[in-house]
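Colleague: Chains A and S, in that order, are what the protein sequence lines are.
Sequential numbering of the first sequence, starting at 1, is according to this note's numbering.
Sequential numbering of the second sequence, starting at 329, is according to this note's numbering.
Read the hints as simulated data drawn from the structure, not as lab findings.
No incorrect hints appear here.
As a list, the in silico PhoX-like pairs of lysine-lysine whose alpha-carbon atoms are at most 25 Å apart:
| # | chain 1 | residue 1 | chain 2 | residue 2 |
| --- | --- | --- | --- | --- |
| 1 | A | K130 | S | K421 |
| 2 | S | K421 | A | K223 |
| 3 | S | K647 | S | K591 |
| 4 | A | K242 | S | K488 |
| 5 | S | K488 | A | K223 |
| 6 | S | K409 | S | K421 |
| 7 | A | K130 | S | K350 |
| 8 | S | K421 | A | K129 |
| 9 | A | K223 | S | K350 |
| 10 | A | K242 | S | K421 |
| 11 | S | K464 | A | K242 |
| 12 | S | K488 | S | K464 |
| 13 | A | K130 | A | K242 |
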Amino acid sequence: MTQYIIKRLLLLPLLLFIFSVFAFFIIQAPPGDFVTSYIAELAASGSSMDQAQVEALREQYGLDQPMIVQYFRWVGGMLRGNFGVSLDWKRPIMELIKERLLLTVLLGAMTFIISWSLAIPIGIISATKKYSFIDYFFTVFNYMGVATPTFMTALILMWLAYSYFGVSVTGLFSPEYVDAPWSLARAMDLLKHLWLPALILALDGTARLARVMRANLLDELNKPYVEMARAKGMSEWRLVLKYPVHLAINPLVSTIGWYLPMLFSGSVIVATVLNLPTIGPLLLRSLTNQDMFLAGVIVLIYCFLAIIGTLISDVLLAWLDPRIRMEA
Amino acid sequence: MEPLLSVRGLKTYFYLDEGTVKAVDGVDFDVFPGQIVGIVGESGCGKSVTIKSVLRLIQNPGRVVEGEILFRHQDEDGREKTIDLAQLDPHGKAIRSIRGAEIALIPQEPMASFSPVHTIGDQIMEAVLLHQDVSKEEARRISIERLHEVGMPNPEQRMKAYSWELSGGLRQRAMIAMSLACNPRLLIADEPTTAIDVTTQAQVLRLLLDLQEQHNMAVIFITHDLGVIAQIADFVVVMYLGRVMETGPVEDIFFHPQHPYTKALLESIPSIYAPAGERLPTIEGSIPHPFSRPSGCPFYPRCKAFMPGVCNTSTPQLKPINDRQAVSCFLYD
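The following block holds chain A by itself, in its conformation from the complex (with noise of 0.2 Å):
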C-alpha cells in the first residue's frame, strides 16, 4: 500500500509538467494578448495608447518572446518560488491566491462535509424506507436540490436573510475583519460566514449523491449477505449500517476526487452572487483579462488539487475495499 502512494506520489512532477504545458498553451491559444485587451479596455473607457507605448509595454511584460520562451520563464520562475506578477493586478501572484485558495480549499471541505453528512443517511433512509411517505418526501426534496440552480438559491437566501432578518449574507467576513490580520475573532467571524455559502453549494451536491446512495443501497439490499446477516440474527439496522451501506458507499468514494476541482469552478457564480472572495471569480477574471500567468497558476493548482484529490479517493477506496487493494 505505502509503496503504491509513493508511485503515485513520483509520478506528481511529470503529471504537473504535462499539465503545465497544456494549461499555458490552451491560455495562450485565444488570439491576441493580455495587451490587446488592456487596450480594448482603454479605448472603452475613451482613451488610446500610441504604437511606441504598446511595444513598451509588450517588452515590459515578456510578450514580445516566442512562446517557448515564455513558458520556460514561467516556468523556471515557479521552480524558484516565483509565480511571477499578475499583469492585470500588477501584484504578486503569490499575494493575489494565498488567502483566496485557503478560503476556497475551506469553503469545499465544509461544503464537502455538509453534503455528505445529509446526503449519506437521507440516501439511507430512503432506501431502507422504499416508497414511503419519508421516500418520497426526500425525492422531492432531491429532485428541486438538482433543479434548482445553486445561485438562485444563493439569491432566495440572500433575500430572505436579508428582507426577514436584516442580515447581509454576502462575503465571507464582516466588513471589520474583510482586511484584518488573521487572529481569532476573524476565523470566528469567518465561521459564522461560512456556513451558509457552504450550505448553498452543498445542496446541489447533496441531492444527486443522496439519489446515487439511494440507488447504489437498493441494489446491495436484496444481496443474499444482507439475508444472511439477517438469518444470524442480527438488528435489521446494525446489519444495514455494517454490510450493505459499506458496499454501497464505495462507488461514492471514488468521485471525492473531483470534489474541489469541481467546486472551483461550479461555485464561480455563487461565489460572484454571493461575493464571496474565493479563487472561481479571480480565475474567470484573469481568463477574460488574458491575465496569463496568474490564470496558469490557478489552472495547476487546481490541477495539482485533482491529482492529490484521486489519490486520496483511490487509496480511500482501496481501504475500503479489500478486492481493490488486491489489484493494486
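With chain A held as given, fit chain S onto it using these hints.
Modeller: Only chain S this time, still in chain A's reference frame:
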C-alpha cells in the same frame, strides 16, 4: 417423541401489483430432534419460501398469512417452551434471538452470502458474539475451533481471508462453520451443494452428516436433487406448487411412492440400468405460471391419474395412508 419443529397450514403469499402469488399455500410437516428432513421439489415449488417463512425472513411484498410454526424453544436455563414463530414480529427481538442461535441457515450461494469486504473470521465471530456472552478473544477461539471442525486447513490464517480468496468447497465449509457458531438445534440447509461441483458436493454432504451426528442437530435439507435426498435424508417432504404432495421415510418414498407426482419424479431419474436408446420419461407439461394456478389439486393438469370433476374442483388434503406415509391425493380418499 415431540417434534422440534411443527409446521401447520403454513401460507406465505406475495402481494404483487400483477396479483397475489401463493408461493406457499398450506404446508404441513414435522421435524423431530436429530432427524434429517429433506424437502424436495422443482424450482418454484415453494421450498425456499417455506424455510424462509420458518426463519421469518420473508421480505415485503411477501407475508406469512396463515398457519402455525411451532418451535420448541429452549431458554437460557434449558427449559423448553413451545412458541409459534408465525406470531412473532419478523424484526423483533424474540425471532432474532432464535435465528442463528437455535435455528441456523446454510444458504444456497456461499459466495454471495459472505460480505466481500469483511473477512470470514469477522463474520463468524460476529455470529458467535450475537448470541453468546463471551469476550472477543473467546469468540475468536470458538470461531477457529468451528473452522477446524469443518475441515478448514490452517483455520487461524483463514480467519483473515476474504470469501473470494477461498475455493467453492472451502467457502461452503466456512459458511457451515458460521452456521454452527452457536450450536443450533435445527440447521436449515437451502440447496447447500447446488453451487459446487459434484466431487466437492459429496465431501460437503459427508461433512454435514458427520456434524449432524456429533452435534445431534435436526436438519432440514432443501434440494431439487433426488440423489442427494437419497444419500442424506431420513424423512422426505415432496412439494409441488406451494403444497405438500407426499411425506414419508426416505425408503418408502423411493421404494413405495404413492402420489402420482412422486412416482413421476422418480421415473424421470436417469438409470444406468435403462436399456440403451430408450427415451427418459418426463412429466408432461410444465409448471403453471404463478398467476394462473389451477383450482383444486395443483398437479392435476399434468397428472396421469387425473379424475375429471374431482381433482379440478376441490383441493386434496394431506392425510396419512399408513403409519409412515401421508399423501394429498383423491386416489387415497
